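> Protein chains in written order, with our numbering: chain A, 1 to 219; chain B, 1 to 460; chain C, 1 to 251.
Any given hint might turn out to be false.
To be verified - Straight-line alpha carbon distances no greater than 25 angstroms define the calculated DSS-like cross-link-like pairs of lysine-lysine that follow:
hint : chain 1 : residue 1 : chain 2 : residue 2
1    : B       : Lys126    : B       : Lys74
2    : B       : Lys81     : B       : Lys106
3    : A       : Lys37     : B       : Lys40
4    : B       : Lys397    : C       : Lys189
5    : B       : Lys231    : A       : Lys109
6    : C       : Lys246    : B       : Lys455
7    : B       : Lys9      : C       : Lys199
8    : B       : Lys455    : A       : Lys200
9    : B       : Lys447    : C       : Lys246
10   : B       : Lys407    : B       : Lys447
11   : B       : Lys23     : C       : Lys36
12   : C       : Lys114    : B       : Lys12
13   : B       : Lys439    : C       : Lys36
14   : B       : Lys25     : A       : Lys200
15   : C       : Lys36     : B       : Lys455
16   : B       : Lys9      : C       : Lys189
17   : C       : Lys114    : B       : Lys407
18   : B       : Lys407    : C       : Lys199
19   : B       : Lys439    : B       : Lys423
20   : C       : Lys189    : B       : Lys439
21   : B       : Lys39     : A       : Lys37
22   : C       : Lys101    : C       : Lys114
23   : B       : Lys304    : C       : Lys101
Unchecked claim - Each pair of labels, with its calculated beta carbon distance range:
hint : chain 1 : residue 1 : chain 2 : residue 2 : range
24   : C       : Lys139    : B       : Thr19     : 29 to 39 angstroms
25   : A       : Leu202    : C       : Gln174    : 21 to 31 angstroms
26   : C       : Ala208    : A       : His59     : 44 to 54 angstroms
For the record, the hints were derived by calculation from the structure and aren't laboratory data. All figures in this text were calculated on a predicted structure; none of them were measured in a lab. Idealized CB from N, CA, C, for every residue including glycine.
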Amino acid sequence: MSSRDRILQNLQVPNSLKKESSQPFQDSSIYSDYPEKTKEELIEAFRAHFLALNGEFFHVRSKEEAAERVAELLHSVEGNRYLVDSNPLCRDIFSSVPELEKQFDDITKTSLEAMEFAEYSIGLTSADFLVARTGSIVLRSSIAAGRRLSVLPPLHIVVATVEQIVPSLDAALQNSEFRNGEWSYGTIITGPSRTSDIEKILVLGAHGPKRLALILLDA
Amino acid sequence: MNNYSHFLKEAKTMAANETHRLKIKKAITSYETQVAAMKKQQFSDWREARDVATGIKNEVLENLPDLLQQFEEKLTSRGAKVLWAENAEQARNYIGEIIARHNARKVVKSKSMTTEEIELNEYLEKLGIENWESDLGELIVQLAGEKPYHIVTPAMHKSKSEIASLFVEKLGIEYTENAEELTMAARAHLRKAFVTADIGITGANFIIADEGAIVMTENEGNGRLGMACPKVHIAIAGIEKMLPRLADLSLFLPLLSTSGTGQQLTGYNSFVRGPQSATEPDGPEEMIVILLDNGRSGIYRQEKFQHVLRCIRCGACLNACPVFRTVGGHTYATTYQGPIGSIITPQLRGMGEWQHLAHACSLCGACTEVCPVGIDLHHLLLETRWQAEQEDAASKKWHFAIQMWSKVITKRKMVDALRPLLKLFIPVVKPFMSANQQKRLPEMAKKSFAQMWEKNEFSR
Amino acid sequence: MSTQVKQNSKVSLFIPCLVDQVLPEIGLAMADLLRKLGYEISYNPRQTCCGQPAFNAGHRTEARTVARHFLQTFAEADYIVSPSGSCTAMVRNYYPVLFAKDDSLMTQVKSLQKRTFEISEFIYAENKVDQISGHLDLKVSIHNSCHSMRELGIDNQIEEIIRRIDGVEIFIPQVEHTCCGFGGLFSYKMPDIASAMAKSRFEAYNGADLDVLIVNDPGCIQHFRAEASSAGFKGEVLHLVEFLQKAMVSA
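Model the full assembly from the supplied sequences, consistent with the hints where possible.
Structure (structure tokens):
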């Protein structure tokens, strides 16, 4: 008998247990901010949480304005190598400022060994969802060009639209479009990398990005 | 020295260690303030959230074999491997085989109590593998040559100055007590590890049946890096880490972070459902999940103890426990400290060797009060005491004393007749007791209440 | 449990072993208080102990022996009132565990559960809080025992009773509801931990300059008193009923 079968056999408990299946967890009044809010309230809730987590928040009206913010962020870091994922939203923003686009290396066209990857100071990605309740950014490897782009560079810039804001985590996790498709990795990012392992003192940038910036575009 | 004597000796030292007490008090006070605020901010009724979570975890227990198979099927369909380990040795051997197959020299680990449980660090050291703990707290205890002090906060017992001296010695930095500078030193030190490691080893906070995914909760990003850079990712998870559905995370992630650290959500909650897919630019070529039993199925088969497998390892019971706060994490000499550790260690590692932990408890119930999945912790400690006695693993000396006592105490006449004798007896045994025991020898009243009542000696 | 008790019924004193043997003045003070509140009280001297010391230490066979004796002693009693949250919890919450497999005794246990009260809980259930009055110019703090709070659900009942006494200033420590370190045989098996826990608990009253620490469990009282001097605590440690006895006399 294999170890697998032995473990499964050891977990069979005759009669004392009944098989039950409950419903998946649904957002409910357990949470103090339930029920849902208006679009404006969601944006405001997201903004407040994101800022409280030391995120850098930019609400922009146009893709030109978005490009301006990206350009400003480039000036705020040391180093001059920036990586971007070639997603439609990024393309759209860059389309108005071709100069800006040239400053970025396209990750899908660059095969990078980890050592070289680590020299990039900015990773620019899009996202799947923004969660209003917690100020979190949800993204999958399929939309953020893999696993490294959103964690290895010291500054992670996310571009997203207000349409992507959802009230709660379960709205994202129960979305079937989100769950389908070929992807191996997803993450819920709630603020920049942080630690409190030394005497409970909060320090940003433990191993992941020290800075997390969100450029939120009105649709 | 047996485990019990060792425990008592360490407990005595720690109980007198004022520096330790103040350090832990400071850390836990800060934790409690944050947790209280977050519970209030986030949940309209925290107890209701706890009850719903408890229900979902009960469902897991009721269906565990099916859920494990569902998890395996889903995950392997995306090219990951699932290995089943009955015990620690088998889990270690699996890892040894993977290391050998890849000719790996360098491993980067993220914080995982399950790897502590199987003593992976010691094993990797024997194999001569370069092994980097990447969580800051874990790095600190690794550099200090210690075990984690606390399942969530491994370096809770270390002050800034101790960490500074340690980093000066081991990482060659300039002395600084600035937490940010110390953190940056660790960041610089480990960057290299992430980009050059052959294998990333992580634990898992949850495993999800319907999605075939493992979930990793962390704040630093070291876990994400360990799952992104190396070519091989090994995740090791206790079989009880199961949740039926991905959507259940929308309760369990906030619950875990609120109880664990007082955060609304932990910085990064990542779910991995396989190795790099064909359409992705990076990620491990190989992903292996080791499902660890190591005594858990033994707990599962016991009706009274089964529900302890609801535990999500948030550490809240440790922080709430006045015994933990007094003796500190290392005194337990176990992987899992505090109330939860005192229940599962005798079950996982042997009643005879570990039942004393169940007695390191004043039954105050603070642990049960804070548990986010409704584990009846202090009552299970009581059950453990009784189980130890049934298995003949409990102290014979105390049992004999209680047997004698029960014969006397059920007879009023004998109780009152023996009072004068007890008064004589106490001064005789007193010199054989420690100062703290002597202090609490009761001073027998001149007459018992019953005697006073009989003689009508009470005020009217 | 907030079952309404019949007015002017007979109350049977449930005197814990520790009170019987070491702290009888607590039993007398409780009898005194109940009389002042208009009860006819009785005491069956055959009672000795509820069995908790054995139960908590894991010796359930012996605990059953002692508990059976307790059941016999109180079979006839109307209402049973105890100055200990912990002993009340033993009867109410743990007897069902002890006798789970014994149907005939379970019937007795169930009947006993409904009739057994901790003193502050009893005063509440009986709506007697208003009858408490007195005067004491003292600064006090309250230690609600763990079992009273977490097993019986007694919350701020004690505080509300104390507030009936004029002149009393109640100090609320920042850290509330932490165990004193008694824990029955725990404090004898692991005396160093128990002492350190008491010390931490006393620390919560540092600088408050308390006259009295009011406690509702003889176990905690015994432990606090043993540790007070080494922890540098200058006040008195009194049971709620002792405190009320003082206050209602001086009124």
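> For this structure, which hints from the list above don't hold up?
Hints 1, 8, 11, 12, 13, 17, 18 contradicted; others consistent.
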